[in-house]
Amino acid sequence: MDDLRVPIGSFFAILGAMLLIAFFTVTTGPALATPRVNLWCGLAMLLFGAIMLLLARRGKA
Amino acid sequence: MHPGVIDYIILATYFLYVLGIGWLVKRRVKTGADFLTSGHSIPVWVTSLAFIATNLGAQEVIGMVASGAKYGMLTCNFYWLGAIPGMIILGVFMMPFYYGSRARSAPEYLKLRFDEKTRGFNAITFAVMTIFSSGISMYALGLLFQLVLGWSFTNSVLLSAAIVLAYTYLGGLTSAIYNEVLQFFLIVLGFAPLAIMAVAKAGGWAGVTARTTAWMAGQPAFAHNPDVMTHTWKYMGHASSNLMGVEWFGMLFGLGWVLGCSYWCCNFLVVQRAMAAQSMAASRLTPLIAAFPKMVMPVVVIAPGLAAIALHQMGTPGILVPKGNTYNYNLVLTNLMAQFYPSGLLGVGLTALFASFMSGMAGNVTAFNTVFTYDIYQSYIRKHASDAHYFKVARITTVVGVLLSIGAAYWAARSNNIMDFLQLVFGFVNAPLFATFLLGMFWKRTTGHGAFAGLIVGEIVATLTLGLSIAEGTGGWFGVVHTFPSAMAQNFWIAILSFTSCLIFTVLVSMMTRPKPVAELENLVYGYTKIPVERNVPWYERPILLAVIVGVACILFNIWFW
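Residue numbers (our numbering), protein chains in the order written: chain A, 899 to 959; chain B, 698 to 1259.
In case anyone wonders, no lab produced these hints; they're calculated from the structure.
Glycine included, every Cβ here is placed at the ideal spot set by N, Cα and C.
Some hints here could point you the wrong way.
Claimed, not checked - Covered stretches of chain B, going by a simulated chain A footprint (3 or more residues, C-beta under 8 Å):
| # | segment |
| --- | --- |
| 1 | 706-712 |
| 2 | 754-766 |
| 3 | 867-879 |
| 4 | 900-907 |
With the rest of the complex left out, here is chain A (with noise of 0.2 Å):
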């Protein structure tokens, strides 16, 4: 394995995607849960992995 980026990138990617499955399917949240927490969190994931995914490709050009 050359670059760890890839890995880092592709796993907060899926991780992202999931929590976006969750917050499609999950209704019941605890109390104290901010209403789209998952959604947000998601996306959020889902930037982090994107940008060193992108890293990881300029770094090989």
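Given the coordinates of chain A, assemble chain B onto it according to the supplied hints.
Same frame as chain A, now just chain B:
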């Protein structure tokens, strides 16, 4: 806490990634040196993040949230006083000798600089300590998951141990370091939403300040300084006016100078990460770059603890639960997760807990490996074997190390209070080391006999101080000469006395014994080591400049939350 299917899928995905990284790294690991020292091949941003991730074990994360709830902003001293200065000293002053000496471990540096007995003593105490640390960490994880999820202690211990064993066995140090970086991001991204939501729910920082002040005003001992939870230094004038029960001198000298520096500069667990860097310059940059994220970690790990007190003061149930006549602070993190994380994010939070545990344990296993193979096996059992032979020994040591840690975890489960005691002991076993390394690197007159005598005296003084003083029921087996206001103060003063006596005895015995010939000090001591001066490199690759930036930023943080 009731995780759903999606939470288990997230956890399983993480396990697959961890094992996958181990498997991918395996192809690069061809020799024993690759396995144990990474063959100096790891980029600096990776070593930097691994450098702090290996310290972010499960106990660190759970413990810092707990301390945040118990002591408030004073806990930040473990970062802005107990970590950053030590990391600066390592990067600027000490790394050139570790790296320049070509030693493969911290005990090996002691052998090159001093003698065999100093190395042996350090290697053996370190090896024993890493096994127990990893065992305690595993025990803490098993206990926590049993308590909050109802999982069996044996299952969580064996599952996590098996995964750590698999990826450290496959890829050795490189695999551990690469996984630590993934773990670092997971811990930060997994717990940051909790910090943000908890603080927001408590009314932002202004709400946290107002509510913790109202909470402290209700306690007679702090009625005259109720804002004690949101200040770091304001009430350090006297031990009785702050929550840790420590006065400024014990804090500054004990935590900042002795304990902070002995951990960050002399504990091979963290130093090993910097030694794996590609060049001397990169190894010096490792702790300095790591200092930036380290400095802001309190946002993720201390803020939730403070917010928990504010939420409790607002009447939110189930966050700060009573235990005896105090509170169970160790459950604050998981209680917050149960209250704030819906299914999905809960999976990320649980995975982050597993990750923190694994980074702590893998760090111990890889450090144990290197020290056992090079400093114990190669030095005392079989001296001149081939690299292939040591590679095999290192792999077997990985398995044995993990098995011993599991044993230590079960032993801890059977006798809980012994583990608390051991943790205290680890603190002071390390304390005199900083004096030994400091004198070794900067005073050419220091001799092997001096270093060894100093270390032994330092340990004896630490044991005597604990045996003759008492704090919150700890210590005092030989009688009580002094009573400390808190266990924290006792811990800091043990470190101060141990360090000082080690320093004095090392100097005294060195003056009476024959010094090492100057020719043998090359690359080991200041003045006899060529320290590269970085010219024509961008500012962010200059250790001194980075150190100044980090130092100034750290002072500003201290002033900001004075």
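Hints and how they fare:
Judged by the Cβ-Cβ criterion of 8 Å, the segment 706-712 of chain B is covered by chain A as claimed, because 4 of its residues qualify and three suffice. Counting residues of the segment 754-766 of chain B whose C-beta lies closer than 8 Å to any C-beta of chain A gives 0; at least three are required, and the coverage claim is violated. Under the rule that three or more residues need a Cβ within less than 8 Å of chain A, the assignment of the segment 867-879 of chain B holds, with 3 such residues. Taking a C-beta to C-beta cut-off of 8 Å, the segment 900-907 of chain B contributes 0 residues in contact with chain A, too few for the three needed, and the coverage statement is violated.
Hint compliance for this structure: hints 2 and 4 are broken, all remaining hints hold.
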